[in-house]
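The hints should help you fit chain B onto chain A, whose structure is shown.
Protein chains in written order, with the working numbering: chain A, 21 to 609; chain B, 36 to 130.
Hints listed in this document are in silico derivations from the structure and should not be mistaken for laboratory results. Treat the hints with care, since some could be wrong.
[Said to hold, decoys possible] Derived BS3-like pairs: lysine-lysine, alpha-carbon spacing no greater than 30 Å straight-line:
1) A:Lys254 / B:Lys75
2) B:Lys108 / B:Lys43
3) A:Lys586 / B:Lys108
4) A:Lys248 / B:Lys108
5) A:Lys166 / B:Lys43
6) A:Lys294 / B:Lys75
[As the list claims (entries may be wrong)] Partner residues aside, some chain A positions facing chain B, computed with beta carbon under 7 Å:
7) Ser255
8) Ala270
9) Gly470
10) Ser572
Where a beta carbon is used, it is the ideal one built from N, C-alpha and C, also for glycine.
Residue strings, one per chain:
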Amino acid sequence: MNGWMGKIIKIDLGSGRQEALPVSPETRRRFLGGRGLGVKLYTDLCPDPLDPFAAENALIFMTGPLTGTVMTSGRYQVISRSPLTGTICDSSSGGSFGAVLKAAGLDGLVITGRADRPVYLHVHDGGVEVRDASTMWGLNTQQTQKAIHGQTPAKTSVACIGPAGENLVPFAAIMNDRDRAAGRGGMGAVMGSKNLKAVAASGNRAVVIADPEAYQAMNARLDRAVDKNPVTGKSLQVLGTSVLVNVINAHGMFPTRNFRSGVFNDAEGISGEKIAESLLQRQSACYKCPIGCGRTTRTANRNGEGPEYESVWAFGAHLGVSDLSAITEANYACNELGLDTITMGSTIGCAMELHESGALAEKMLWGDAGRLAGWVADTAYRRAFGAELALGSKRLAAKYGRPELAMQVKGMEIPAYDPRGAQGMALSYATSSRGGCHMRGYMIMPEILGHPVFLDRFSTAGKPEIVALFQDIAAIVDSAVLCRFLQFAMGISTFSEMLRAVTGLDFSDEELLTAGRRICTLERLFNNRAGFTRADDTLPPRFLQEELQAGSSRHRRVRLDEMLDKYYSVRGWDAQGVPLAATLTELGL
Amino acid sequence: MPGKIAVKFYALLRQRLGMSAIEVDADGLTILELLRRVEKQAGRSFLDDLLDPEHLLLAGTIILVNGENVRLKQGLGTPLRGGDTVDLFSPAGGG
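Isolated chain A (complex conformation) (with noise of 0.2 Å):
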């Protein structure tokens, strides 16, 4: 088989039983993998809505056709139902371990059931040999990654939990390759739950190229396109992501003490312009990439990987915080306890506003960055408030009786973009199938950046079509599986010809656009039947109700009636949001 390795195991934990998952072709090329066959996979195992901690539950990390090929393609995605959000969930990160799990010899792994004792799973030589982990719970996710290190050959790639995930924290991040992170969701605590500690994979299998000769080509002249695009060619590894905290607080919409502002003061201290000055060690790529985004950073106390535009903001200006190390500090920390950087931020700063509000006697204050890291590890370990932070913000938020104030859309905390100053992303974080999401349709990239064309970033014209095609995009290179910053220099037509190149079939890109909207829609089927319904495709009352008082973005709120209507039915979906059957039929599910 070409692109894909032919072989995926289901693991009963429960039991040890281990068979082959039989997948035929068609499935292969209608879903593609990672997110696609994943979810695929997840929804026929699992069609009825479990809960996210039960042990029939199953926990799925898959690959996709390109991983272990072309550039950026060393990903991998994991699939279940999402403790935080009760959504299907898709969790993707970069590293190596895609690739490796390919070179193991595995397209994926389907995990069921719960260990009676800390295990974990190292596959070589496509099988999954299930080992001890005793010894290693409660260790942290590089220790455990050294741990296991130890014990397996030399390129092993590991994928784990740290006390987070242990603990069944509902926003525990998988971190694997030391610091990359499937951060959002909450995955690490469904496996947590299933008392399996980490998943280890070595090999050297290699995956076979349909055409040889049109990949060698192609992935030269993809190489030229990279590198002359300004943004993955020379921005992203000279500033990293945190470039985007100046540009987005130019444009008003940097969110600031839990979004009640888009402009933050102190945004220069904090952005990647003054990372690159201050804390940059050297710049770190993933598997076969060549725009090297990560950041190897050392503060005067510790250093790590970190922080990424999203952690900056969620430890920086959504707190009132300009302590550039402290922001990085509260990132290690997150990255070594196994905890997602942006529920974690999202859900002190709710805090913060609950106890300004007065609904909550714990002292959090605005711009506290002296406890950052404290939280982060109480949190972990659920002790002391860290406890309550556990929850999650709109647990948290219900609980002490103002659930506005928590800045979510289906449980899942929106990143760091105020969606009053651009009515697309609006729109895409009220329809994202996990939640608020910004990865699920990024309309910043045509609202902001304006690549690959420059849209008005207050108008909601235009917007559900464009919404609903960023989302088949996104679902497309999340099934692939490659990294989204290609999409700076590339688009559709250049992915269906890496699909070509390797696998031999003959996809277009009106295909891989059906493949995208079937999968989309797929999520959307399981999470109707999850008990969401059109009432939740919607923002916090802050957006839809409050204008932004200063900055570019002032006198703007979230226009969201304007476009859902349109969105569902670009969608073929009913005014409630459900899939019409014409839809089902079209898209063969």
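For chain B alone, coordinates are given in the frame of chain A:
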């Protein structure tokens, strides 16, 4: 200050110019004329970070006048007035 325009540099442009801001007497000039004047005043060229050889805005270049993108105004022909603030971003991205 009347007649003066505050120009701020971000992203790679800042590194290239070695400064983060400059004040220019540019009342009545267009954006393109302002950029040329800044080059002259700063003593360094940088237009190729923002514009293509035909002097069109590169995809990803962001120029804000008082926070508003010039692509929604008159592009490089957008007229300026004293007291305006101009933010210049060479193409940047993240996520």
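Status of each hint after checking the structure:
no. : hint                : result
1   : A:Lys254 / B:Lys75  : holds, 25 Å
2   : B:Lys108 / B:Lys43  : holds, 19 Å
3   : A:Lys586 / B:Lys108 : holds, 28 Å
4   : A:Lys248 / B:Lys108 : holds, 29 Å
5   : A:Lys166 / B:Lys43  : violated, 46 Å
6   : A:Lys294 / B:Lys75  : holds, 26 Å
7   : Ser255              : holds, 5 Å
8   : Ala270              : holds, 5 Å
9   : Gly470              : holds, 5 Å
10  : Ser572              : holds, 3 Å
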